[in-house]
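**Q** Sequence:
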Amino acid sequence: MDSLESRKPAPLNHDVLPRVSPFYHMWSNMYGKPFLYWSGTKPRLAISDLDMIKAVMMNTGGGSFDQTGFDPKGKILFGQGLVALVVGEQWAFHRRIINHPFRMERVKAGWLPEIVAATKKMLEKWEEKRDGRDEFELEVHRELYDLSADIMSRTAFGRKETAANALAWALLLLALNPEWQDKAREER
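Residue numbers (the working numbering): 276 to 463.
These are calculated hints, taken from the structure and not from any lab test.
Just so it is clear, the structure is predicted and the values come from calculations on it, not from any experiment.
Fair warning: there could be bad hints in the mix.
[Stated by the list, open to error] Here are the computed lysine-lysine pairs in the DSS-like style, where the Cα-Cα straight-line distance is at most 27 Å:
hint : residue 1 : residue 2
1    : 383       : 329
2    : 383       : 396
3    : 350       : 383
4    : 458       : 317
5    : 383       : 400
6    : 350       : 317
7    : 400       : 350
8    : 308       : 350
9    : 383       : 395
10   : 348       : 329
11   : 395       : 348
12   : 308       : 329
13   : 317       : 329
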């Protein structure tokens, strides 16, 4: 019979790698970083150095690196979206499109004021809820979720609250209902 000690859940923390990918975690501890491993019949080089990752990800077909796609289980986890586009011209095309909005000068000039404004608004709301008390309860997860949604809607879509909420819900509903996506594409 199992003891109560062995049935206790593991403590919660942000170090999820040992749970999500135990072999990767074990191999990186055994062999260091980077390390070579096999996925079926294909050798793969696991890298974690940021400069090396940048060099690989910026490669758009020069032949220096052969980026491999996901294994079948990885495809289930990541789907066929932008994250799955790791090779070829399709990846280079999407990289060019997505790179423009994330230029540092655009982030500093356009996004930073919006991020600060949204954060100030949230903190002012918290002060109202506090109402002069030293202690009060707050659903922080929900508040940060709302803050993130507000920031994304302001920066990515250039919209303010009401329109941004409607747009966010529309995108969520489309994501949850792929058949609606097909109907929307047909109506174009």
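**Q** Decide, hint by hint, whether the structure agrees.
**A** Outcome of the hint check:
As the CA atoms of residue 383 and residue 329 are separated by approximately 22 Å, the hinted pair is consistent with the 27 Å bound. In summary, the hint linking residue 383 to residue 396 is supported, as the alpha carbons are separated by about 19 Å, within the 27 Å threshold. For the proposed pair residue 350 and residue 383, the alpha carbon gap of about 35 Å is over 27 Å, so the pair is violated. At most 27 Å may separate the alpha-carbon atoms for a hinted pair to count; residue 458 and residue 317 exceed this at roughly 40 Å.
About 25 Å separates the Cα atoms of residue 383 and residue 400, which keeps this hinted pair within 27 Å; it holds. At most 27 Å may separate the alpha-carbon atoms for a hinted pair to count; residue 350 and residue 317 meet this at roughly 17 Å. Distance check on the hinted pair: residue 400 and residue 350 sit about 41 Å apart at the alpha-carbon level, beyond 27 Å; violated. Proximity of residue 308 to residue 350 is assessed by CA-CA distance (about 24 Å); at most 27 Å being required, the pair is judged to hold.
At most 27 Å may separate the alpha-carbon atoms for a hinted pair to count; residue 383 and residue 395 meet this at roughly 17 Å. Between residue 348 and residue 329 the CA atoms are separated by roughly 25 Å; this keeps the pair inside 27 Å, and the hint holds. Among the hinted pairs, residue 395 with residue 348 is inconsistent with the structure: their alpha-carbon atoms are about 42 Å apart, more than 27 Å. A C-alpha spacing of about 16 Å is found between residue 308 and residue 329, which places the hinted pair at or below 27 Å, so the restraint holds.
The suggested pairing of residue 317 with residue 329 holds, with an alpha-carbon distance near 23 Å, which does not exceed 27 Å.
Consistency with the previously given hints fails for numbers 3, 4, 7, 11, ordered from lowest to highest.
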